[in-house]
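Colleague: Chains as they are written, first to last, in this note's numbering: chain U, 3 to 421; chain L, 261 to 408.
Errors might be hidden in some of the hints.
Unchecked claim - Covered stretches of chain L (in silico footprint by chain U; criterion: 3 or more residues with CB under 8 angstroms from a CB of chain U, positions within the stretch not fixed):
| id | segment |
| --- | --- |
| 1 | 265-277 |
| 2 | 293-303 |
| 3 | 311-325 |
| 4 | 379-386 |
To be verified - Residues from chain U that face chain L, not an exhaustive set, calculated with beta carbons under 7 angstroms:
| id | residue |
| --- | --- |
| 5 | His377 |
| 6 | Asn415 |
| 7 | Met419 |
To be verified - Ranges between beta-carbon positions, derived for each pair:
| id | chain 1 | residue 1 | chain 2 | residue 2 | range |
| --- | --- | --- | --- | --- | --- |
| 8 | L | Gln342 | U | Gln33 | 41 to 49 angstroms |
| 9 | L | Ala285 | U | Gly268 | 54 to 62 angstroms |
| 10 | U | Leu175 | L | Phe310 | 49 to 57 angstroms |
| 11 | U | Pro29 | L | Thr359 | 28 to 36 angstroms |
| 12 | U | Ser126 | L | Pro404 | 30 to 38 angstroms |
| 13 | L | Phe274 | U | Asn32 | 34 to 42 angstroms |
| 14 | L | Thr359 | U | Lys199 | 48 to 56 angstroms |
| 15 | U | Asp306 | L | Thr352 | 55 to 63 angstroms |
| 16 | U | Ser126 | L | Asp345 | 55 to 63 angstroms |
Calculated from the structure, these hints are not laboratory results. Since this is a predicted model, take the numbers as computed values, not measurements. Backbone N, C-alpha and C define an ideal beta-carbon position, used for all residues, glycine too.
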Amino acid sequence: MAMNPCVENSAEKLMAYDVEKIRQDFPVLNQQIRGKQLVYLDNAATSQKPKAVIDSIVHYYENDNANIHRGVHTLSERATLSYENARKTVQKFLNAESKKEIVFTRGATEAINLVANAYTQVLSAGDEVLITAMEHHSNIVPWQMLCEKTGATLKVAPINEKGELIIEELEALVNKNTKFAAISHMSNALGTINPIKQLIDMLHQHDIPVLVDGAQAIPHITVDVQALDCEFYVFSGHKLYAPTGIGALYGKIEQLEQMAPYQGGGDMISVVTFDKTVYNKVPYKFEAGTPNIAGTIGLGAAIDYINSIGIDAIASHENALLDYAVEQSKRIDKLRIIGTAENKGAIMSFVLDGIHPHDIGTMMDHQGIAVRAGHHCAMPVMDFFGIPATARASFAMYNTHEEVDALIAGIENLIEMFG
Amino acid sequence: MLDDLRDLYQEVIFDHNRNPRNFRAMDDADRQIDGFNPLCGDRLTLFIKFADGKISDASFQGQGCAISTASASLMTDIVKGQTEDEAQKLFTLFHKMATGEHVEMDELGKLAVLAGVCEYPARVKCATLPWHTLDALLQGSEEPVTTE
Numbered sequence: 003m004a005m006n007p008c009v010e011n012s013a014e015k016l017m018a019y020d021v022e023k024i025r026q027d028f029p030v031l032n033q034q035i036r037g038k039q040l041v042y043l044d045n046a047a048t049s050q051k052p053k054a055v056i057d058s059i060v061h062y063y064e065n066d067n068a069n070i071h072r073g074v075h076t077l078s079e080r081a082t083l084s085y086e087n088a089r090k091t092v093q094k095f096l097n098a099e100s101k102k103e104i105v106f107t108r109g110a111t112e113a114i115n116l117v118a119n120a121y122t123q124v125l126s127a128g129d130e131v132l133i134t135a136m137e138h139h140s141n142i143v144p145w146q147m148l149c150e151k152t153g154a155t156l157k158v159a160p161i162n163e164k165g166e167l168i169i170e171e172l173e174a175l176v177n178k179n180t181k182f183a184a185i186s187h188m189s190n191a192l193g194t195i196n197p198i199k200q201l202i203d204m205l206h207q208h209d210i211p212v213l214v215d216g217a218q219a220i221p222h223i224t225v226d227v228q229a230l231d232c233e234f235y236v237f238s239g240h241k242l243y244a245p246t247g248i249g250a251l252y253g254k255i256e257q258l259e260q261m262a263p264y265q266g267g268g269d270m271i272s273v274v275t276f277d278k279t280v281y282n283k284v285p286y287k288f289e290a291g292t293p294n295i296a297g298t299i300g301l302g303a304a305i306d307y308i309n310s311i312g313i314d315a316i317a318s319h320e321n322a323l324l325d326y327a328v329e330q331s332k333r334i335d336k337l338r339i340i341g342t343a344e345n346k347g348a349i350m351s352f353v354l355d356g357i358h359p360h361d362i363g364t365m366m367d368h369q370g371i372a373v374r375a376g377h378h379c380a381m382p383v384m385d386f387f388g389i390p391a392t393a394r395a396s397f398a399m400y401n402t403h404e405e406v407d408a409l410i411a412g413i414e415n416l417i418e419m420f421g
Numbered sequence: 261m262l263d264d265l266r267d268l269y270q271e272v273i274f275d276h277n278r279n280p281r282n283f284r285a286m287d288d289a290d291r292q293i294d295g296f297n298p299l300c301g302d303r304l305t306l307f308i309k310f311a312d313g314k315i316s317d318a319s320f321q322g323q324g325c326a327i328s329t330a331s332a333s334l335m336t337d338i339v340k341g342q343t344e345d346e347a348q349k350l351f352t353l354f355h356k357m358a359t360g361e362h363v364e365m366d367e368l369g370k371l372a373v374l375a376g377v378c379e380y381p382a383r384v385k386c387a388t389l390p391w392h393t394l395d396a397l398l399q400g401s402e403e404p405v406t407t408e
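Between the sequences and the hints, there should be enough to build the whole structure, so can you do that?
Modeller: Here you go:
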């Protein structure tokens, strides 16, 4: 994979990784929960926001707020420039060839729905859509809906006991009827990182377009969509230290140009009469209505912030935390990690023998520690492992080894209480 | 350091979680119904037998957190011998207690150990799932109950 130019001196940045300095950039971390210092380990659900992102939104509303495109006054020009600059920032972050290939959406979910909706005009009965058994509901349900509308069939490639995709079985599901594949880059419930380039190359040998769900991968992995050669890549801003309600769809220009619009309205048209409407060019064809301008600017600011640290340096830090957490967790006999893929990101999903994840969640909260407890919007994954839910600790750029210690001590405390 | 959690997790709750009462299938149940909390994946099947206008036996199976397991355990114990009306009345009282409304605790008997749940909005449904399931069963429903 080609390296993102923003991280060319990542080794140098890694040496200088200063987590305490980074923590000072995140105001929310500096608080107590039930009298204890907050330890925020629910980053796979959503990450906290640095001051730079919060400030960019405040600055926009205090100085530049206006509707974008077509406005001739100064504020509108400023707002438009900031909005389109954010598009360029996302383009560079993904190494897309053109900024026209970046469509702003509410998040990864809306981006997937946008593509699935367009494919209702492409698929028909007898066709097949291929996904994997580790997908988040957002990369399952839109394809089920597409299949219901078109008569196509959903095929699901299985995973093994470690939570890894079984590549040969995925390949065995590919046939001449396979018309689309949607695969997560990294599993939100298990942490598994898929060999996405290898999968895309294989699927392309059969001329199958591929959508990569990058919602979980984007804050941890350098993404180069040209090197990956995927048709679509989607992500949400809020897992990338940006606000909620903003995300992006990358689509190859030739794909986007052929696709039907998702929603009709203002901004997505060039001419409207009661007889006929001529749609705007991409990406605007897919951005009906006044968009989330402030959120988009916040997304641009979040990417600038990440680039100032270096995503590879962030990933190294997070992986060190994961390794440390896994090592420390071995001293807890009752703990079993769910998702032990060889290649995985900074997510530790676990169960405790005889203690339900919801009880774990409440008892950890009482110690100031925020972890997720539940099915993580991946009920089929839970079914596969024969469990109703897991507890999940997930790490971000601002987490520390001391917080891992607090996590482990917190688990030991609650086991003792449970008796 | 978890002392303040004792309001929610009383020893009685741990006891019922470790050794749930009436935790069994009932082949000759008059009615049975499934309850499901899609938020957390908890599910239970509730079995009820009637005799002489009263609930003569109650049992459950399934998987859930300590709060929902203890709640189901306590519920199946307490409704045995009650008429449908009495059980319905108790459901109303329990629901009020769990959601923080004022109730006379004496009327709730052993169920009062679950009163602490009203301080934990995310956990109220854990405690009420068995009761919503019983309520639906008594009203003659056969559809699975969900708390959402």
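Colleague: If a hint holds in the structure, say so; if it doesn't, say that too.
Modeller: Structure-based check of each hint:
1. 265-277: holds (count 4)
2. 293-303: holds (count 5)
3. 311-325: Contact hint for the segment 311-325 of chain L vs chain U: holds, 3 residues under 8 angstroms.
4. 379-386: holds (count 4)
5. His377: Constraint on His377(U) satisfied, holds at 5 angstroms.
6. Asn415: holds (6 angstroms)
7. Met419: Holds: closest Cβ of chain L sits about 5 angstroms from Met419(U), inside 7 angstroms.
8. Gln342(L) <-> Gln33(U): 41 to 49 angstroms: holds (47 angstroms)
9. Ala285(L) <-> Gly268(U): 54 to 62 angstroms: holds (59 angstroms)
10. Leu175(U) <-> Phe310(L): 49 to 57 angstroms: holds (51 angstroms)
11. Pro29(U) <-> Thr359(L): 28 to 36 angstroms: At roughly 34 angstroms between Cβ atoms, Thr359(L) and Pro29(U) fall inside 28 to 36 angstroms, so the hint holds.
12. Ser126(U) <-> Pro404(L): 30 to 38 angstroms: Hint holds: Cβ distance 35 angstroms, inside 30 to 38 angstroms.
13. Phe274(L) <-> Asn32(U): 34 to 42 angstroms: For Asn32(U) against Phe274(L), whose Cβ atoms are near 35 angstroms apart, the range 34 to 42 angstroms holds.
14. Thr359(L) <-> Lys199(U): 48 to 56 angstroms: Roughly 52 angstroms apart at Cβ, these two residues keep to the hinted range, so it holds.
15. Asp306(U) <-> Thr352(L): 55 to 63 angstroms: At 56 angstroms between Cβs, range holds.
16. Ser126(U) <-> Asp345(L): 55 to 63 angstroms: holds (57 angstroms)
Figure legend: structure checked against the earlier numbered hints; every hint is met.
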